[in-house]
Amino acid sequence: MSFEEKYNRYKKSGKLHVSDDYVNEMAGKVSEHISSRKKGIPRQFVWIFSGTAAIAVCMAVVFFAPLNHTDNPGNAVSQQTGQPNLNMKDSGNLASNSETQKIESKELDHDAIVEYLLDEEYEEI
Amino acid sequence: MDMFRDDARTNYAFNLIVRKHTPPLYRLIRRMVIDAYDTDDVLQNVFIKAWKGLPNFREDAALGTWLFRIASNESITFINRKRRFLFIPFQSQETYLNEKLEADSAVDYEAGEKKFKQAILSLPDKQRLVFNMKFYEDMTYEEIAEITGTSVGALKASYHIATKKIEALLQPD
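Protein chains in written order, with my numbering: chain F, 4 to 128; chain C, 555 to 727.
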């Protein structure tokens, strides 16, 4: 007896019935999908626009992030990085700040300070 | 196809294609992915791909055969994607599909038939696809060869091996 003959009853009962309602529903879904794709913005444009926007956001974050640092300009050492705070434009006199002097004596990188003092930007101040 | 190429009647022609081919494609996909909702998704994808590909369809094969080829590829791709996404190792995919079969409340299987279906689920995906097309859909080896791109000899061997595996699993302990 062949395999088909032996299991013929399962073959008959295993036939899945697909109703007309289901066929109509599927035809409707597909038709809707196709017409919405025709009217809408092409997918590649959506990717290009969203990609450009994402890159712009990343660049903005990178560019503006240092401006958001809340280091007090008077502090000689950056509270965030522990490095000499070279953002001295608004700081006034470095030596006049007693707190700065305390930190300076312990942690300042003197070479960096000297380098900064020789900087053109300092001359302008 | 002539109607499809006529711009004024393209949508209508495609609607007819969908209506005509939904039942056999649904059966094929359902037997592969088991879950009814997954079947809907895969079938919809098949028709969307067909819509995109139909303008370039050269009619080397029958439209039905071409749609079956898309459905077979989509079903296997879907299963593989799900396996990767859910981190289902190959051994437990059978368990996963068996659970889907158990949860399928739309069909009330008798005990013997359920065992038969579970034995089919133990086959590798491509062998299961060939078995379903031959056993349930009564396709010829030539038709299956055209759909799967495999030789008739290899298909005969694959089907023979599949039937032997199923029979072995159905043997009482």
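Read the hints as simulated data drawn from the structure, not as lab findings.
These numbers were taken from a predicted model, which means no experiment stands behind them.
Positions of the beta carbon are idealized from the N, C-alpha and C atoms, including for glycine.
Treat each hint with caution, since some may be false.
Stated by the list, open to error - A short, non-exhaustive set of chain F residues, derived as facing chain C with CB atoms under 7 Å:
1. Tyr-13
2. Met-29
3. Ala-30
4. Val-33
5. Val-49
What the hints assert, rightly or not - List time: in silico EDC-like cross-link candidates among lysine to aspartate or glutamate, alpha-carbon distance up to 16 Å:
6. C:Lys-719 / C:Asp-692
7. C:Lys-718 / F:Glu-8
8. C:Lys-669 / C:Glu-721
9. C:Lys-606 / C:Asp-592
10. C:Lys-710 / C:Asp-692
11. F:Lys-32 / C:Asp-594
12. C:Lys-574 / F:Asp-24
13. F:Lys-14 / C:Glu-667
14. C:Lys-671 / C:Asp-589
15. F:Lys-32 / C:Asp-592
16. C:Lys-606 / F:Glu-35
Hints violated by the structure (numbers, ascending): 5, 6 and 9
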